[in-house]
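Sequence lines, in order, name chains D and A. Position 66 of the first sequence, counting from 1, maps to 66 under our numbering, and the rest follow consecutively. Position 35 of the second sequence, counting from 1, maps to 35 under our numbering, and the rest follow consecutively.
Quick caveat, the hints were computed from the structure, so don't treat them as lab data. Accuracy of the hints is not assured; some may be wrong.
Think about it this way: if two alpha-carbon atoms lie no more than 30 Å apart in a straight line, the pair counts; the simulated BS3-like pairs of lysine-lysine are [to be verified]:
#1 Lys57/A <-> Lys44/D
#2 Lys56/A <-> Lys44/D
#3 Lys57/A <-> Lys15/D
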Amino acid sequence: EAGVAQSPRYKIIEKRQSVAFWCNPISGHATLYWYQQILGQGPKLLIQFQNNGVVDDSQLPKDRFSAERLKGVDSTLKIQPAKLEDSAVYLCASSLNWGAEAFFGQGTRLTVV
Amino acid sequence: TQLLEQSPQFLSIQEGENLTVYCNSSSVFSSLQWYRQEPGEGPVLLVTVVTGGEVKKLKRLTFQFGDARKDSSLHITAAQPGDTGLYLCAVMGNAGNMLTFGGGTRLMVKP
Chain D
1 EAGVAQSPRY KIIEKRQSVA FWCNPISGHA TLYWYQQILG QGPKLLIQFQ NNGVVDDSQL
61 PKDRFSAERL KGVDSTLKIQ PAKLEDSAVY LCASSLNWGA EAFFGQGTRL TVV
Chain A
1 TQLLEQSPQF LSIQEGENLT VYCNSSSVFS SLQWYRQEPG EGPVLLVTVV TGGEVKKLKR
61 LTFQFGDARK DSSLHITAAQ PGDTGLYLCA VMGNAGNMLT FGGGTRLMVK P
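Same shape as in the complex, but just chain A:
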């Protein structure tokens, strides 16, 4: 069983559509991070959420941390082909070590 379960695993949508991807766990975390990874590149940090119920916006991306700090969602409005990639959530261990990733959601946005 993975510490972080991401869903869906794959998502293929048309340009202009909205979408939401999820990151769930049975554990409580002090913070949670979202990364995007493009083919042939390493993951790049998008945002860190810290407070239960927190909502952060990054242009067309909206990130929410669950009230109980066990889950998170990423919503993309009016998706564009440039949003194509692997979206990963990740958490740190309590001691600030062991950055652990979920399995990722692979998003494809078709023009």
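Here chain D stands alone, though its shape is the one from the complex:
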């Protein structure tokens, strides 16, 4: 069974530029999460989708971050404009449903210079 796929693996951008990350969850998984993991810290939940609806986005900085999962499958996370403090690994995870085991992708390492 294929795991959670994320791309790109690495991205370097200048501050004030825009960037987008893509996630393809495990087939059939209704729940999708995006996390931000700053170096040396645990992952912080940004947004949780159930199919194509948002369950929770209370920790998403909505002035610069946006995410969508239009068809309830793939998802994109966008940052516009990026700040230095956005440098982190962005992890995508999916689970069969609410409360089920979450499976993580390898993440996208973003460096903002």
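Let chain D serve as the given structure and place chain A on it in line with the hints.
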């Protein structure tokens, strides 16, 4: 203040030693999960504990959920270099949403 406080933050030990890491909170949880994350990878679920006082074993790893379901510990016996990684505890919200992680314990086991 973080929902889950993990300690220690860093731990460096020699191969063969035993160790215990902790996950504490002032809140009560219906269940708690432990993950391990290796460099360049996402976290991988090790175990879920559900019942207060529950002890689960996974080879050389022993997980315990506190009687009051507010804290948990992970004990590793005879640590090996392959145990090196970031150990994270996590809890679900009451509605089964919002998987929230602690800050993690970074373990290094030297050969």
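Status of the hints after comparison with the structure:
Proposed proximity of Lys57/A and Lys44/D is supported: the alpha carbons are some 28 Å apart, at most 30 Å. A threshold of 30 Å between alpha carbons decides the hint, and for Lys56/A with Lys44/D the separation of about 26 Å falls inside it, so the pair holds. For a cut-off of 30 Å, the pair hint linking Lys57/A to Lys15/D is broken: about 47 Å separates their Cα positions.
Checked against the numbered hints given earlier, the structure breaks only hint 3 and satisfies all the rest.
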